[in-house]
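K.L.:
Here is what each chain is made of, one letter per residue.
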Amino acid sequence: MTEKEIAFVKVIQDSEGIIYKIARTYTKTDDDRNDLYQEIVYQLWKSFHTFKGNSQISTWIYRVALNTSISQWRKEKKHGQKVDLNNLFLKQPEAYNAELDHRMTMVYAQIDQLNKIEKGIILMLLEGKKYEEIAEITGFSASNVGTRISRIKAKMKERIEKKTTL
Amino acid sequence: MNLEEMQAAWQEMTEKLDAQNHLTNSLILDMTHEKIRNKISRIARYESIGAVACFIGATFVLLNIAKLDTWYLLGCGILVALYFIVLPLIVLRSIGKMRNIDLVNNTYRESLLEFTHRRKRFLSFQRFGIIANFFLMILILPVFGKLINGKDLFVNQSSEWLWFSCIMLLVLIPFSIWGYRKYSRMTASAEYLLRDLDS
Numbered sequence: 000m001t002e003k004e005i006a007f008v009k010v011i012q013d014s015e016g017i018i019y020k021i022a023r024t025y026t027k028t029d030d031d032r033n034d035l036y037q038e039i040v041y042q043l044w045k046s047f048h049t050f051k052g053n054s055q056i057s058t059w060i061y062r063v064a065l066n067t068s069i070s071q072w073r074k075e076k077k078h079g080q081k082v083d084l085n086n087l088f089l090k091q092p093e094a095y096n097a098e099l100d101h102r103m104t105m106v107y108a109q110i111d112q113l114n115k116i117e118k119g120i121i122l123m124l125l126e127g128k129k130y131e132e133i134a135e136i137t138g139f140s141a142s143n144v145g146t147r148i149s150r151i152k153a154k155m156k157e158r159i160e161k162k163t164t165l
Numbered sequence: 000m001n002l003e004e005m006q007a008a009w010q011e012m013t014e015k016l017d018a019q020n021h022l023t024n025s026l027i028l029d030m031t032h033e034k035i036r037n038k039i040s041r042i043a044r045y046e047s048i049g050a051v052a053c054f055i056g057a058t059f060v061l062l063n064i065a066k067l068d069t070w071y072l073l074g075c076g077i078l079v080a081l082y083f084i085v086l087p088l089i090v091l092r093s094i095g096k097m098r099n100i101d102l103v104n105n106t107y108r109e110s111l112l113e114f115t116h117r118r119k120r121f122l123s124f125q126r127f128g129i130i131a132n133f134f135l136m137i138l139i140l141p142v143f144g145k146l147i148n149g150k151d152l153f154v155n156q157s158s159e160w161l162w163f164s165c166i167m168l169l170v171l172i173p174f175s176i177w178g179y180r181k182y183s184r185m186t187a188s189a190e191y192l193l194r195d196l197d198s
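Going down the list, the protein sequences come from chains X and U.
Following numbering that gives the first Met the number 0, the numbering of the first sequence begins with 0 at its first residue and continues without gaps.
Following numbering that gives the first Met the number 0, the numbering of the second sequence begins with 0 at its first residue and continues without gaps.
Treat the hints with caution; some may be incorrect.
Partial list, derived from the structure: chain X residues whose beta carbon lies under 7 Å from chain U [as the list claims (entries may be wrong)]:
| id | residue |
| --- | --- |
| 1 | 15 |
| 2 | 63 |
| 3 | 99 |
| 4 | 113 |
In silico lysine-lysine, BS3-like type, Cα no more than 30 Å apart, as pairs [unchecked claim]:
| id | chain 1 | residue 1 | chain 2 | residue 2 |
| --- | --- | --- | --- | --- |
| 5 | X | 27 | U | 181 |
| 6 | U | 181 | U | 96 |
| 7 | X | 152 | X | 9 |
| 8 | X | 152 | U | 119 |
| 9 | U | 119 | X | 115 |
| 10 | U | 96 | X | 51 |
| 11 | X | 3 | X | 51 |
| 12 | X | 3 | X | 152 |
| 13 | X | 156 | U | 15 |
| 14 | U | 15 | X | 129 |
| 15 | X | 129 | X | 118 |
| 16 | X | 27 | U | 119 |
It should be emphasised that the hints constitute simulated quantities derived from the structure, not laboratory data.
Heads up, the beta-carbon is just placed ideally off N, CA and C, and yes, glycines get one too.
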């Protein structure tokens, strides 16, 4: 492996969870998730030389991964090798937890109801990012991020109330 | 499930994910290779097939343009050839533009704005294409009638062509209504997203 490859592999291994969560947020099926995961890794590799260390590596990863996720539409494999990532994450016997799996299904059901703008923001909020960090990655102002988060909360609350009255 | 519960589940999942290191060096390097990306979007593939069919049609008309021996048939022939060349090029270009977004320097908001604007433009071309198909049908019948059968439909209106036109319309009308509605819905959703981005 070249020096660049060694450095890149390290970055991806440190961030594989983040990439998985982003890919999971923007896709519905395992197949699409695998495709998006690979596309994100590929785009990160392609732009790896542009990362100069001026910002945090996680900010750069979020930016490329989120931008890749929204500029994708359903792609179909024509030919060529595809890395099999099926059941790589969370479905591994040693890590599988049915109760958490159920809760995460509910989490993603909530996220799936949101539009693309809200998905990006809620993803970072769940990641524990501060408004300023979300603003830096998304390009919205910190106060706009706050407003949007309030709107997302209200939307979710309304949905829960609707569900309970039914 | 409220936001706090979502955050708790997310945190738990993050801890589990962080505890797992599944990607091997070779798996990561495999993902960086171009061969894995040897994919083409479904939309681009269908549009490319359509474009090839249109270019074949345009070549056929242009190669036989001398057979269109009246000014009105010649006019129709030129319009048909232009339609067959220009519209697919515009659509393919708009698809290409959607795929060329700066993933590194753009913020999420900028990418969403660019992508949604381009998508809206692409959908508008598609809607325009659906309406233009009706005009194309009016133009294409006399041109192909002359080129294939040697008949000037403006002078000799045969019942065969009338039937052919009716059948074409019967197929085209429901398909066009369905397509137009679908693209209109998608355009409206893109417009909604753009308004939301500006708010």
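K.L.:
All hints are to be evaluated individually against the structure, with a verdict given for each.
P.N.:
So, going through the hints one by one against the coordinates:
{"no.": "1", "hint": "15", "result": "holds, 5 Å"}
{"no.": "2", "hint": "63", "result": "holds, 5 Å"}
{"no.": "3", "hint": "99", "result": "holds, 6 Å"}
{"no.": "4", "hint": "113", "result": "violated, 11 Å"}
{"no.": "5", "hint": "X:27 to U:181", "result": "holds, 21 Å"}
{"no.": "6", "hint": "U:181 to U:96", "result": "holds, 22 Å"}
{"no.": "7", "hint": "X:152 to X:9", "result": "violated, 36 Å"}
{"no.": "8", "hint": "X:152 to U:119", "result": "holds, 29 Å"}
{"no.": "9", "hint": "U:119 to X:115", "result": "holds, 15 Å"}
{"no.": "10", "hint": "U:96 to X:51", "result": "holds, 27 Å"}
{"no.": "11", "hint": "X:3 to X:51", "result": "holds, 13 Å"}
{"no.": "12", "hint": "X:3 to X:152", "result": "violated, 42 Å"}
{"no.": "13", "hint": "X:156 to U:15", "result": "holds, 28 Å"}
{"no.": "14", "hint": "U:15 to X:129", "result": "holds, 22 Å"}
{"no.": "15", "hint": "X:129 to X:118", "result": "holds, 16 Å"}
{"no.": "16", "hint": "X:27 to U:119", "result": "holds, 23 Å"}
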